[in-house]
Amino acid sequence: MSVRVIARLDIKGPNLVKGIHLEGLRVLGRPERFARHYYEAGADELLYLDVVASLYGRNSLVDIVARTAQEIFIPLTVGGGLRTIEDIRTVLLAGADKVALNTAALRRPAFVGEAVRRFGSSTVVVSIEAIRQADGRYEAYTDNGRERTGVDALEWAKRAADLGAGEILITSIDREGTGKGFDLGLTRAVADAVPIPVIAGGGAGKIAHVWEVVVEGGADAVSVASLLHYTAIRHVDRAETAGAEGNTEYLRRNQPGFSGVDDATLPEIKAYLLARGVECRPTPSVTSNV
Amino acid sequence: MSDAPAPRVAIVDYGMGNLFSVKNACAQAGMSAAITSRREDVVAADVVILPGIGAFGDAMRALADLDLVSVLRDVAAAGKPLLGICLGMQLFMTESHEFGRHRGLGIVDGEVVRLPERPEGRRLKVPHVGWSRIRPPAAAGLGEAPAWSEPLLGAVPAGDFMYFVHSFYCLPADAGAVVTLTSYGPTEFCSGLRAGNVVGFQFHPERSGSSGLRIYANLAASLHTTWESGNGRTAGSEIRTA
Amino acid sequence: MSNQRPTSSIEFKHTRDRKVRVLHLDEEGVCDACRFAEQKEQIDWAERERQLLRLLDRHRRQDGEYDCVVPGSGGKDSCYAAHVLKYTYGMHPLTMTWPPLLYTEIGWKNFRSWIEIGGFDNITFKPNGRVHALLTRLGIENLLHPFQTFILGQKNLAPKIALQYGIPLIFYGESEAEYGNPIADTASSLRDWSYYAMKDLSGVHLGGVSVPELIEKHGVGLNELTPYLPADYRRLEAASIEVHYLGYYLKWTPQESYYYAVEHTGFEANPVRTEGTYSKYNSLDDRIDGFHYYTSYVKFGLGRASSDASQEIRNRHLTREEGVALVHRFDGEFPERYFREVMEYVGLKPERFLELCDEFRSPHLWERVGGEWRLRHRVS
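Chains as they are written, first to last, in the working numbering: chain A, 1 to 290; chain B, 1 to 242; chain C, 1 to 380.
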């Protein structure tokens with residue numbers, strides 16, 4: 001079975017942002033431009049997360065989703081602050097294929113079942129962001145990694161699958177944005193515990209990490225952010241930064257790179273996987289444009 | 001380009017499915033498509049697309065509530081091009097085993113059954129989500145000249161990847177209806193079928209990048225010729241590029 | 001930000017009835033902090049860096065002696081300051097720590113990372129615990145200012161260490177002007193000496209209590225008060241000790257300091273949201289932090305979320321609208337997590353603390369509605 005490599009874009013307002021441990025809102029540019037770049041580079045799916053929606057109590061991704069859906073023909077999953085059936089419907093009508101539910105699902109698990117019944121299992125991804133506790137277990141957090149829930153991440157994953165979720169996205173907050181590699185133990189535990197596909201997120205810093213989380217972590221799909229963005233930023237048109245909203249200091253300094261992650265592109269990641277016998281869809285060649 | 005009015009494509013809206021992706025893909029291929037749940041629109045269209053995501057039983061109920069069941073059967077019987085995507089393809093079948101037994105549209109003989117989770121002792125995740133290869137049922141090597149019998153797959157390399165997301169698959173009674181096969185673990189299933197003017201794809205061509213968009217381009221091109229029922233034609237013979 | 005925000009004061013002269021000088025708002029209703037943020041964009045940072053280089057070139061030592069002191073406890077700012085001075089500018093800093101009253105786990109971890117991963121020599125001065133707890137309690141009882149004992153050391157210790165070791169330069173991070181001190185303060189890189197030096201003991205109050213009263217009524221020896229007292233002005237002058245703000249020379253973006261600290265010194269954000277705010281990267285290391293912000297909320301109507309949000313709004317990380325939403329949601333959240341522990345440490349009954357909070361609520365800010373306290377004016 002093919003492994004999917006998913007480009008994850010954390011979005012705040014009009015900007016692509018990238019934090020560490022789900023903190024910090026450093027702006028890297030315009031999400032649409034990065035999305036286009038990744039689509040052409042062979043991303044298998046895109047994942048848009050509005051990182052402040054739950055925290056701020058608002059939703060604002062619809063425009064970006066609509067613009068993306070018009071020109072990008074791979075699956076798009078959208079999450080962040082989706083609290084009601086209406087919220088989900090709005091985002092699907094704008095062009096999203098799947099939705100990722102986190103905070104709202106943990107607060108009221110029945111919501112997962114309701115969404116599944118209304119929109120189908122395959123439309124509903126339950127996203128779990130977890131922090132390792134002293135006793136080795138993982139606790140699920142909400143509100144962009146800020147509020148404890150007291151809920152065991154593994155138990156929650158199983159329950160979400162029972163409620164009908166189509167996939168689980170499991171992100172290690174401890175690793176997220178650091179480039180230190182995925183939490184293989186966490187991924188493996190979730191992958192073994194549920195009968196549905198598992199997407200691993202949080203921590204890719206080298207191409208080898210992507211391979212590792214598939215082969216050792218048992219992930220069916222891999223969500224990658226920092227590893228791709230800090231390289232892509234050199235190839236994507238810079239947005240206007242003067243007067244722009246958000247923490248644009250990094251962009252203005254114009255010093256590329258973040259030492260926590262290697263340079264990496266999607267074609268390189270795909271090639272690496274294929275060379276080691278992990279089946280995936282290779283980057284479409286440039287001549288095959290429609 | 002001819003002076004004839006743009007072909008009317010009706011994308012059936014029965015409350016389930018990624019309608020806008022399909023519409024965008026049609027637009028990309030130069031076809032103007034309308035998302036509609038009205039009988040009149042479906043009848044008037046030159047091409048009808050039946051998308052779908054969700055449960056079989058719910059879908060049939062929704063179609064019945066909208067009084068679209070007989071219309072779709074009529075479209076099929078009238079020889080008009082009818083394309084089913086994912087659940088849409090499954091709805092063409094006689095019957096499905098999803099959450100009980102449900103009758104389908106009965107346009108294509110066959111059943112809909114679940115992907116096994118433990119085929120031959122292996123463990124497989126269901127739903128099948130991701131990119132998988134499609135290949136023609138006749139033995140053909142990967143990368144060789146496509147041996148598709150299916151005109152909509154013209155210029156799509158055999159073994160190309162398409163995007164799937166499903167837990168069930170179709171078992172057409174007539175093996176000759178199978179136009180593409182896909183493997184998921186040890187399970188080989190029908191990922192594309194054609195019965196006369198009725199075509200179905202289990203994968204989502206509108207979510208399969210440039211590979212999938214080719215199918216829409218071929219669909220657009222085919223609208224400039226008459227879409228014939230009966231034996232398929234090899235790619236390139238009757239299809240004029242737009 | 002509101003006109004209630006107090007500016008920095010000379011802590012060791014702080015008495016209960018001092019008049020607080022508040023944030024200055026100009027004729028357009030724009031506060032000094034925002035004006036400063038605007039000015040920040042106009043500053044020629046290349047020129048400021050040149051000034052820094054000239055300063056550093058005069059003092060750089062390569063013979064093994066320290067050439068500057070960087071005070072801090074491993075928070076993102078001291079991580080950035082120490083690292084950039086040592087590794088970018090080739091200085092030989094001695095880091096110096098007046099530790100938190102009660103380290104949080106993440107605070108201790110970050111302190112160690114600063115030293116062990118960042119790679120710095122460090123002197124930590126831990127004051128007499130008995131007196132420390134006493135002065136903290138007095139600070140709460142007389143001023144509702146639990147943080148004073150920490151601030152006293154934070155401001156006073158570095159110059160004394162510098163004197164001791166003969167190190168002429170001290171670098172703090174941001175100027176308080178970033179947060180709203182009179183804008184005149186920012187014209188210079190130097191901290192005003194009155195904050196960290198004294199001429200004699202007259203007028204000195206610690207915990208709101210005069211020195212004689214501390215000695216007579218509370219049984220604290222003069223020797224035991226020394227750690228909290230600033231250095232003698234004459235000795236500092238004779239040794240030509242200079243206290244600079246690195247933020248004068250290098251453009252300071254707090255969130256970027258966070259990224260820098262993670263990248264270079266192994267800094268980790270708080271695993272949970274810090275109480276009273278939405279952020280995870282500011283002021284994480286002291287269990288009493290939450291009380292500092294909570295008491296500010298009581299006294300001035302401005303809690304931690306207000307403080308964090310204003311800073312991020314000034315730096316354009318957030319829009320004002322977003323900041324307001326966050327303030328409404330989190331400002332004034334009671335620091336429940338460490339309440340019992342902190343009260344035990346200072347020797348106060350929890351109920352007494354809550355009583356004190358009520359005593360200190362300014363009537364022009366608070367009103368009682370349906371048995372609960374409510375701010376008369378909420379930001380909007």
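Read the hints as simulated data drawn from the structure, not as lab findings.
Here the structure is a predicted model, which is why all the values come from computation and not from measurement.
Take these hints with a grain of salt, some might be off.
Computed cross-link-like contacts, SDA-like style, restricted to lysine to any residue with a CA-CA straight-line distance of at most 25 Å [to be verified]:
| hint | chain 1 | residue 1 | chain 2 | residue 2 |
| --- | --- | --- | --- | --- |
| 1 | C | Lys40 | C | Gln51 |
| 2 | A | Lys206 | C | Lys40 |
| 3 | C | Lys299 | C | His132 |
| 4 | A | Lys158 | A | Ile85 |
| 5 | A | Lys158 | B | Val126 |
| 6 | A | Lys180 | C | Pro335 |
| 7 | C | Lys109 | A | Ala134 |
| 8 | C | Lys251 | A | Leu251 |
CA of C/Lys299 to CA of C/His132, is that 25 Å or under?
The hint holds at about 23 Å.
For the pair supplied as a hint, C/Lys109 and A/Ala134, is the alpha-carbon distance within the 25 Å limit?
holds (14 Å)
Within a Cα-Cα threshold of 25 Å, do C/Lys251 and A/Leu251 meet the stated pairing?
holds (14 Å)
Can the restraint linking A/Lys158 and B/Val126 be considered satisfied, given a maximum Cα separation of 25 Å?
holds (14 Å)
Taken at face value, is the distance from the CA of C/Lys40 to the CA of A/Lys206 at most 25 Å?
violated (37 Å)
Taken at face value, is the distance from the CA of A/Ile85 to the CA of A/Lys158 at most 25 Å?
With a Cα-Cα distance of about 22 Å, the restraint between A/Lys158 and A/Ile85 holds, given a limit of 25 Å.
Hint check: C/Lys40 vs C/Gln51, CA-CA at most 25 Å. Holds or violated?
holds (16 Å)
Between the alpha carbons of A/Lys180 and C/Pro335, is the straight-line distance 25 Å or under?
violated (33 Å)
The structure shown violates the earlier hints numbered 2, 6.
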